Amino acid sequence: MDESRRQALRTGGGLTLLALLAAAGWLRPGDAAAEGWNTGAFESHSLDDTVKALGGSAPAQSKDIVFVATPDIAENGAVVPIGITSNIPKTESIAILIEKNPNMLSAVFDIPAGTDPALSTRVKMAQTSNVYALVKADGKYYVASKEIKVTLGGCGG
Amino acid sequence: MADPMKIRATLVGDSTEVKVLMQHEMETGQRKDAQGKTIPAWFIQTVTATWNGKTVLTAQWGTSVAKNPFLAFKFKGGAKGDRIQITWVDNHGDKRSDEATIA
Chain B
403 MDESRRQALR
413 TGGGLTLLAL
423 LAAAGWLRPG
433 DAAAEGWNTG
443 AFESHSLDDT
453 VKALGGSAPA
463 QSKDIVFVAT
473 PDIAENGAVV
483 PIGITSNIPK
493 TESIAILIEK
503 NPNMLSAVFD
513 IPAGTDPALS
523 TRVKMAQTSN
533 VYALVKADGK
543 YYVASKEIKV
553 TLGGCGG
Chain C
1492 MADPMKIRAT
1502 LVGDSTEVKV
1512 LMQHEMETGQ
1522 RKDAQGKTIP
1532 AWFIQTVTAT
1542 WNGKTVLTAQ
1552 WGTSVAKNPF
1562 LAFKFKGGAK
1572 GDRIQITWVD
1582 NHGDKRSDEA
1592 TIA
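Read top to bottom, the protein sequences are chains B and C. Each number in the working numbering corresponds to the 1-based position in the first sequence with 402 added. Each number in the working numbering corresponds to the 1-based position in the second sequence with 1491 added.
Just chain B, same shape as in the assembly (with noise of 0.2 Å):
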């Protein structure tokens, strides 16, 4: 006769840990990604796997990938500047991918015409380890990478 109880308790409780999981932000039923998130290439753990979730395949490295005014060793992990210029002509998009953070890709740029393929922002890096520049032009991609060291690693607690 406690079997209903035990049902609703535990059916109860279930439901509780489900609310608690949503408030802590694990799952995420209505805010799921603000529109145009690529939710998928964000949550990629390589650097294959994040170009085929953007789209596309196999990029080839190129030397007209330019990383301007990007340290070689970055005394915080937690601002770290990266500055990505691309000469590759037709420039759609530029990606920023840390190997080594949790996950890889970091940001990406969708570069109208008349926007020059050459930005700059700060990021955060868990340890030391390569930076790619991920470039998207005239539907091929192309990538070029840098080593960045970091004595003061961005993600810990």
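Honestly, the hints are just simulated from the structure, not real lab data. Just to be clear, a hint being listed does not mean it is correct.
[Claimed, not checked] DSBU-like, lysine-lysine: derived pairs with alpha carbons at most 30 Å apart:
1. B:502 - C:1567
2. B:492 - C:1567
3. C:1586 - C:1528
4. B:548 - C:1565
5. C:1545 - C:1510
6. C:1567 - B:465
7. B:548 - B:454
Note that the coordinates shown come from a computational prediction; the quantities given were computed from them, not determined experimentally.
With chain B's structure known, arrange chain C on it following the hints.
Same frame as chain B, now just chain C:
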């Protein structure tokens, strides 16, 4: 509502250089608080920049963009007094738009 962005748009030759400094925690979802509980991710996901209503840059960001993000880019065109508008949306659905005029 989040704090306002600082936007500076400068005419350099025939191009406009835009520099933006946003105010946002950019919490990664990796850190833990003093009680050992994970601090949920809270970060800007999309950024749009327009010049007189025309889109000049869009971006998608992950959690690894630094706190209080900085962004600099350049586009061809622009005249003194033109309006630059920057909008971001974070993973809570929070939104902020700020405007500046080209100097």
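Inset, instruction - Identify every previously stated hint that the structure contradicts and give their numbers, smallest first. - result: Failing hint: just 1.
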